[in-house]
Structure formats: C-alpha cells, structure tokens
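What follows is the residue order along each chain.
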Amino acid sequence: MAQVEIINVTKRFGKTTALDNVNLDIKDNEFFVLFGPAGAGKTTLLNTIAGIYLPEEGMVKFDGEVMNQVDASHRNVAMVFENYALYPNQTVYENIASPLRSPLYKQDNETIDREVRRVASLLRIDGLLDRLPHQISNGQKQRVAIGRAIIRTPRVLLMDEPLAHLDAKLRNYMRSELKEMQSMFESTVIYVTHDYLEAISLGDRIAIIKEGKIVQVGTRDEIYYTPRNEFVAALVGEPEINIIDGTLVKENGTSYIKLEMKEELVPLPDNHPLTKTLCEYDTNEFHVGFRPQSIDYTFEYKEGYLKGSVYNFESLGNKAVLTVKVGDTFLRTLAPYDLRVQLDIDIYIDAPITKGLFFDSQTTELIGSYDDAKVNGNGTQE
Amino acid sequence: MAKLTLKNVYKKYDHKKKRRKKDKENDYFAVNNLSLDCEDGEFIGILGPSGCGKTTTLRMIAGLEDITAGDIFIGDRRINDLHPKDRNIGLAFENYALYPPLTVYENIAFNLRAKGLSNAEVDERVKRIAPLLKVEELLNMRPAALSGGQKQRVNIARAIVRNPDILLLDEPLSHLDGKMRQQLRMEIKRLHNEIESTTIYVTHDQLEAMSLADRIAIMDLGVLQQFGTPSEIYDNPANEFVASFIGEPPMNILTTTIIHHENDFYFTFEDSELRIVVPQRYYDIVKDGMKVRVGVRPTDIYVGGPDSKGTPVRVAVFEDLCTERRIGIRVGDELVMLITEDETKYEQGDLIRLEVNGEKTHLFDLETGNRIQ
Chain A
1 MAQVEIINVT
11 KRFGKTTALD
21 NVNLDIKDNE
31 FFVLFGPAGA
41 GKTTLLNTIA
51 GIYLPEEGMV
61 KFDGEVMNQV
71 DASHRNVAMV
81 FENYALYPNQ
91 TVYENIASPL
101 RSPLYKQDNE
111 TIDREVRRVA
121 SLLRIDGLLD
131 RLPHQISNGQ
141 KQRVAIGRAI
151 IRTPRVLLMD
161 EPLAHLDAKL
171 RNYMRSELKE
181 MQSMFESTVI
191 YVTHDYLEAI
201 SLGDRIAIIK
211 EGKIVQVGTR
221 DEIYYTPRNE
231 FVAALVGEPE
241 INIIDGTLVK
251 ENGTSYIKLE
261 MKEELVPLPD
271 NHPLTKTLCE
281 YDTNEFHVGF
291 RPQSIDYTFE
301 YKEGYLKGSV
311 YNFESLGNKA
321 VLTVKVGDTF
331 LRTLAPYDLR
341 VQLDIDIYID
351 APITKGLFFD
361 SQTTELIGSY
371 DDAKVNGNGT
381 QE
Chain D
1001 MAKLTLKNVY
1011 KKYDHKKKRR
1021 KKDKENDYFA
1031 VNNLSLDCED
1041 GEFIGILGPS
1051 GCGKTTTLRM
1061 IAGLEDITAG
1071 DIFIGDRRIN
1081 DLHPKDRNIG
1091 LAFENYALYP
1101 PLTVYENIAF
1111 NLRAKGLSNA
1121 EVDERVKRIA
1131 PLLKVEELLN
1141 MRPAALSGGQ
1151 KQRVNIARAI
1161 VRNPDILLLD
1171 EPLSHLDGKM
1181 RQQLRMEIKR
1191 LHNEIESTTI
1201 YVTHDQLEAM
1211 SLADRIAIMD
1221 LGVLQQFGTP
1231 SEIYDNPANE
1241 FVASFIGEPP
1251 MNILTTTIIH
1261 HENDFYFTFE
1271 DSELRIVVPQ
1281 RYYDIVKDGM
1291 KVRVGVRPTD
1301 IYVGGPDSKG
1311 TPVRVAVFED
1321 LCTERRIGIR
1331 VGDELVMLIT
1341 EDETKYEQGD
1351 LIRLEVNGEK
1361 THLFDLETGN
1371 RIQ
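Chains as they are written, first to last, in the numbering used here: chain A, 1 to 382; chain D, 1001 to 1373.
There may be inaccurate statements among the hints.
When the alpha-carbon atoms are kept at most 30 Å apart in a straight line, the in silico DSS-like pairs for lysine-lysine are as follows [to be verified]:
#, chain 1, residue 1, chain 2, residue 2
1, D, 1189, A, 262
2, A, 307, D, 1134
3, A, 262, D, 1134
No lab work stands behind these hints, which were simulated from the structure alone.
If we strip away everything but chain A, and leave its shape as in the complex, we get (with noise of 0.2 Å):
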C-alpha cells in the first residue's frame, strides 16, 4: 500500500534515453496500467521503480518518501513475471509460502499456514496445494504466482506483461480472471502490456507512452473519448479508427467541413464552441476521426448517405468488421458476424460529423469532438 510518485525521471543506456522526463502520480490502491508499443520504455520504468534501475535524474518516491537510495529488496515491492518464474521442485504451498520465509520477511510456521491458506482460498488454489508446477495448467500457475507476490502485502505489485505469451483466448480468459482478483490486490498495482483490451479492462487508470515519454494518463472512459492525439486514438479500438482529412469551408456565414470521400458540404452546429475553435484555428485542414461503430451503413440507397462498395468482409467472431471503399478512402465499420455480403456490391454510408473527432493536421493533437456527453473531465496532462 502505497501512493507512487515518479517525478522527472529520465533513464539513459548509453546515447539511448529509455525514459525521457517521465512524471506520474499514482494513487494509493490504485490499478494502474502502463501501456505502450512494444520498446516504449513500459518495462523501464517498472525496473525503476522497484530499484533494480537507477534514474539519472528525477526521483521516485513511495509515500512521499524518497527511494532513489533503498535497496530493491528494502523497497518491498514485489513482481509477477511473465514467465511465472515458480520454483520447480517445490509445491504449490512451499511457492506461496516462500517470502514468508525469507530472512527479511520471516514468519512463524503458524503464520505461514494460515497466510498461505488465506491466500489459496481467494485464488481458488486451495485444492492444488500439493501440487508441483509442472503438475498444473498456465492459468494456475500464474495464480499462484500472484499469491506469491500478495502473500506479505507488499506496498507496490509489480506486474510485467503476465499475459503476454499465451494464444489469444487463454490471454482472454485470464484476463478476465486477473480482473476478478483485483479486489483482494490489498497493494498499489503497477501492470504493463501492450494489449489495448487488457490496458482498458484492468486499469483504473491508463499511462500511455510512446518513446519513452508519457502521451496521455487517464480511465478508460478518458482515453477512448478524448485520445490525446491520433496515436493514442489507433492503439485504442479494434478495428482502428478511421481518419479522414477534412476542409473547413465557409460559405454565407456558415461554416462547413468538406470530407475526403465526400462531394457535398456537411454544416457543423451553430453556437457549439468546437466550430467556434475550427473556426478561428490558423489552418482549415483538419483531420477527422469516426471510430468503426460510429458509421451506419444500408445495403438500400439512402437520403444523404455515400455510395461506396464492399472492398472486404472479415468476421472477428462475436461481429465482423466492413471495409467500405468510397473513391480512394477505405472506412471500416462493424457489421454482425453472420452478414454475408458479396464484395464489391454497393453498399451506403453515413458517418455522422457530431461522431467525430478532430484532430489538427499537423500536430495530430485532439481539438475536441461534438460528442461531448461521453465524457465529462479531461483526460490529458501536460
């Protein structure tokens, strides 16, 4: 249990900055997911805080209490690998137990028993206590590696991709039981990945770095309806959001957003202060986002709606994902899994303007959306 402050931290190797001024507050009890491209610095800066890297400059703090000077093993963090890492020749019980049992952290065997007890019952693990590792399927093992790292409560728990290396539906499937076990987490969570559904399931609050510099922390809600920038709105959503480029045009006092693929002006709203902004910005090139469940598609022609062809049809399995080509731009949208649709037959589209996101063209920064009930707060730091 414990608040975490990482305050300018910058870690070099050699001529390479791994982590560049990195600031970040996290809270105590908090889950709090670091999320990034793989070689963003995610597991960089899980090392530093748990001691095993020494910043160059900038602190890191636990409880307002400076840590750049204590040991790794006196920070009393502990850390959950990928690989489980348990020990091979020792139960179940004796892997749970062994912090307990370590010089620093030693218990009676009275204790021991019932921690281990505890522990087990909450991980449903309990039946499997005489086991060895080899005797138990993945998703146990990394259970009771989990009990391992909770068993002395530790201030932090350090999480590094735990998920990583199983196939698609078992990393499903543990996450949401990973999920289910966040409750009896009595520490600050620090977990890393490089899976969106994970990052956005898990986390009470998500860090995004990119290059070793924080783009954006905020919750789920935060970083899906106000992404920072066009990369923080592509490595959120599956399929990825579409960008388009768009024109501000103003006619008769109106003013209007021309998009790519469409001839006809489409107004924006009056009176709304996000026209007012792309009004007064010093470009009138804009890029507009429209993620894929957003766009209405018809196979009927439809009042206002774009003629495009069905460029592709793939099913993900609960839905299925259209690629919609209209002249030269390509938009995906979701469709139900049991569509079956030939390619390139006609299909009409809409893509709502008050759904999308704009986005400055050279920048990429977010301007703001027309879809502002999503959200209320703001999801970005400087």
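Given chain A, put chain D in place with the hints provided.
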C-alpha cells in the same frame, strides 16, 4: 483452375529408428481417413491446433509426402503417383524462401523461366500479377530490402504466376505482426475474388479461417471433425472440440444435470443455484437426471430486466471494453462469460438475473463430445 478431391486419405509416418511410444500403441495416423470435396474456385480453410495433420494434408496434395492410402484427384486426374512438378500446383509457405541474390522480378519469374517461357511471355505474366499483390514498385529490389509483409506478397505472387490449378497456402500470415497481418489477410481475400483459383489455406488461427474461407475443414489428431461454411460451423458445431475452437471469446460449455420439475425440464449445475429452462426442442431426448454438456455462446446470454424470471446470480467480473462490456459469473468453479453492448456499468458482487437464449444452446454427449440432435 480445377476441383480437388481427397478420398479416404491416410498418412502414417514410418519412423523406423525413433518410433514414438504413442505411435506404437495406437497405430497412429497423422491423417486418418480424410475425405474432402473442394469445388472449382472455392477457398477452403484447413483449421486445427498444431499436430492435427493439416500441414501433412497440404504436403500430400503438393506431392511432398507419400500418401499411405487413399486417392487425391485434381479435376479427374488421380495425382497420387504424379511428380510434384507435374501436378500444376502453386505453393506458398510461412517462411518465404525467396532467392536472396535475385530481384523481386526474377524471383517471381523464376518458375516461368524454368519452364522455358520466352522473355516476352515472362514479362507479360509478371507485370500482370505484380499489381494484384501490390509489388509493382518493388520489382527491382532484392528480398533483403523488403519487410515481412512484402516478402510474403512476393512469395504468393511467385505461387500464382504460373496459373496453377490449385493454390496451396500454409500459414502465410503467422510470421507477420498484427497490422500487417490484417492488411495481407484482406488482400488475400481480394486476390481470391480476383483470380478465383481453387485455394487450400492451412491455419491454426480460427479468425483467419472464419474470415477467409468459403468452407472450413476442422481437424484434430488427424481426424476431420467438421467440414462446412463458417456459419454452419459457428451455429451448429459437430462436437465439443469444434464448439470450443471456434469463436472468441469461446463458447461457455458446462456439465449439467437435467431435472424435471412441474412439466418443465431445467439445466442445473453442481455448486450453483443457476437453473436454465430446457428449450422445447430437446424434450424428446432429455430425461430426468440425465447428465450432458451444455454450451452457449457469450452473445446468447443476457442480463434480464426488472421482471425477469432468470436465476439471480452475482457478478464475479465486470469488464468495460468501451465498445462492449463483458460480465463473468461463477457457476461452480467455471467462469461463464456474457457479452453485452448495453452501457450499464456493474460492480463485482452486483446481483443480476441471467437470461439464456434457449434456442441457441448446444448439447454435447458427456462421453464422446458429439453434438446431440
């Protein structure tokens, strides 16, 4: 382009030196009595976990493995004893195996030149195929300069440039990362729509098979489990293996005891209060006290409204994935998942009433795993 027919095909590896224990005991066949009819121009997916015999099947069609028993026909021609080069088959494997010193152009042209086509003919064919696979810009480059996705495009171009009767693709996307994979998956589908070659596509990824194939052959341990269109396989899986292999997240499958109570039958579960009404269509086959496996997909379970008669259960997991929400409940020791697009947010421990679409339940035999009815 041609039909492909497999008739009672067997394959047994004869490891004289290191015979595996399993083989000795079971007289193990890598492919066991496989029959498939692939129509002209059809896209067939062969799907299964590793070791199920899918690649062995492909290799027998290509002529890279002997056929232990049975016959394979391309059109009306029996090809069992035909040399691989005479079968007129195009092959692309997972690893691209391009010739490193040759340009992309020469890699694609290689087989045509080997056949002795004139320069003009070669040029005409390469230039026709290149745009289909979007490699026309790459023709003068060498393989080392290409990305994984580009290499696989060249590899597939090389396989189809000879106008093969049958195109065989063995896990062509498994080396590629997420985005590239999606992109090329889409292009393979477009390509097939364009050239309409009979295609056999081997994969262990159910999503790939479901999104590409006209029909899917699912194999396990050398035995064909089911052969049908993606919707047949999804809606009417032949057995528990197929049911759990297809779909993401997978079908919930539980052992149930059926009880009879006041003119109705119910599915009941060990260590759980949950009761689900057995749909009428099963009334001919169910009996009081019968034990079966019952399966239901996460999209066919719902949270009931205020006047729901469903069993009240506690939410064990609530996952908000922004575009959809998943709710997990514990039935005995099993985690049962449901998917909803309803935007209500739940907390762990909340009481909900569970409704199951009875028409979408599947029954499987407890012993054999085969579909009942």
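Holds or violated: residue 1189(D) with residue 262(A), Cα cutoff 30 Å? 27 Å, holds
Holds or violated: residue 262(A) to residue 1134(D), with C-alpha atoms at most 30 Å apart: 26 Å, holds
Do the alpha carbons of residue 307(A) and residue 1134(D) lie within 30 Å of each other, as the hint requires? 25 Å, holds
Every hint from the earlier list agrees with this structure, and none is contradicted.
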